[in-house]
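Following the hints, put chain B in place on chain A, whose structure we already have.
There are 2 protein chains.
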Amino acid sequence: MIKEQLTQQILSKKSYLCVGLDTELNKIPKHLQHNANAVLEFNKTIIDATKDYCVAYKINTAFYEAMGVKGWQIMEETLHHIPTTHFKIADAKRGDIGNTSAQYAKAFFETLPFDAITVAPYMGEDSIRPFLEYENKFTIVLGLTSNKGANDFEMLKTGENYLYEKVISTIANWGNPNNLMFVVGATQANQIASIRNIVPENFLLVPGVGFQGGSLKEVSNAGLNNSVGLLVNASRAIIYASDKENFAEEATEIAKQYQVEMASYL
Amino acid sequence: MIKEQLTQQILSKKSYLCVGLDTELNKIPKHLQHNANAVLEFNKTIIDATKDYCVAYKINTAFYEAMGVKGWQIMEETLHHIPTTHFKIADAKRGDIGNTSAQYAKAFFETLPFDAITVAPYMGEDSIRPFLEYENKFTIVLGLTSNKGANDFEMLKTGENYLYEKVISTIANWGNPNNLMFVVGATQANQIASIRNIVPENFLLVPGVGFQGGSLKEVSNAGLNNSVGLLVNASRAIIYASDKENFAEEATEIAKQYQVEMASYL
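Residue numbers (my numbering), protein chains in the order written: chain A, 1 to 266; chain B, 1 to 266.
Isolated chain A (complex conformation) (with noise of 0.2 angstroms):
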């Protein structure tokens, strides 16, 4: 997918929310449990609900390597239910030398159809450059993230600046925003306007609204651009919406809630 479909995708339907499949089994509800496939189920059956009111899902790969061989076919078979309308995130962080990370990018854009990976920026160029050669694919660099230990590395000051400004402002210069976005916790909103200004037009990827504490309102008043240039993921927000049998009736009604306030902001 290119960026301007992103785009297109997002004005259609007024929402840039990405809803993000962190399945586990013993979070789904009870009465699905038993069921030998139990997290595809869910899987499909969240994103039925969902997709009418998102644009993007996006797979955190721990959740199903935590499964062994089991959780990697879960993974495909999940991706194979995603609408070819809907852009789809491996949220991978991976990451090596220039020769491994080229293997990563076969993974997930070749053997596997994702559109875009996360990739952590600490071992530098050689190895972030084999997922950005791919064609109509995005690289999702780690920027400033949502979590406490953001403040151990990424707000390092570096000269006049914080390590992240660095490495966001580094990295813009290797890919362009057709092919490069950066991740951006929303648990920092007041960062997002200092980081929009570095990269004006990349998209950023902004995990953290809803249980880790962000808010839409703020991340959207500073994040968006003249292309939107905004996806806001929610995961258990919207998957653990109840752990009853109208978990898909919740989910879809937490992620139509985030859709209309998204509406009011675009």
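Calculated from the structure, these hints are not laboratory results. Treat each hint with caution, since some may be false.
For chains that are exact copies, the list does not tell them apart, and a pair is met inside one copy or across any two.
[As the list claims (entries may be wrong)] List of simulated lysine-lysine pairs, DSBU-like, C-alpha gap at most 30 angstroms:
(1) K106 x K44
(2) K106 x K30
(3) K106 x K244
(4) K70 x K106
(5) K70 x K137
(6) K70 x K44
(7) K70 x K27
(8) K13 x K217
(9) K137 x K14
Okay, now just chain B, sitting in the frame of chain A:
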């Protein structure tokens, strides 16, 4: 495996060699490639051919994920072929917010029986803690890597120190030499001595000896400590020592050369 067991294995074999199983189907000997289980069979043969001269195996997840579900099956079966005497490292370079890193720890320490996993430091303390909480397991944090991209961020100055020094000195306090190691690239042998000063007791995992150009002698002089404290990895130099029918014998020969040289430094 605990640190004393690892040191004991090293002293008994007079080797601190780790063999990296970065296996790609199109790089293994042609006569094996038509076998339906070519990568697994190749790995098993390499393990059998090298186990007497090494103390550890490192499986880089990227090469297996590039094969999708089948790759995870091969990774699992390869792991089960490694003798219990050997230290098993998942070179996965994972790291995410706390509850997600906990899933990665489960994936590699419980679902798969690795002894250690490599972890990226960018996201800070809560991204690393879940790995450190496992008993008798090791978290191997990226310090200074062996690639050109190490210059982009790892070598940035933050205050008086380079970022990689700050990363190592900070994270050293979150764990201890019994559960925490660091990745230090061998192409930067002059920096290994200064890292050894920061973490005198921790094991260092050193990739980049071989095709990446590091000198085993320099690395050993700078890195060895009272409990050995070094694991030196070679991947391509050993597993692709020959692309002919004698690949196993050649792998043995190269592994033995490393071991003999290592014995002279112990």
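Consistency of the hints with the structure:
no. : hint        : verdict
1   : K106 x K44  : both (25 angstroms within a copy, 24 angstroms between copies)
2   : K106 x K30  : between (37 angstroms within a copy, 22 angstroms between copies)
3   : K106 x K244 : between (39 angstroms within a copy, 27 angstroms between copies)
4   : K70 x K106  : both (20 angstroms within a copy, 14 angstroms between copies)
5   : K70 x K137  : both (26 angstroms within a copy, 24 angstroms between copies)
6   : K70 x K44   : both (16 angstroms within a copy, 23 angstroms between copies)
7   : K70 x K27   : both (18 angstroms within a copy, 27 angstroms between copies)
8   : K13 x K217  : within (18 angstroms within a copy, 62 angstroms between copies)
9   : K137 x K14  : within (23 angstroms within a copy, 48 angstroms between copies)
Checked against the numbered hints given earlier, this structure breaks none of them.
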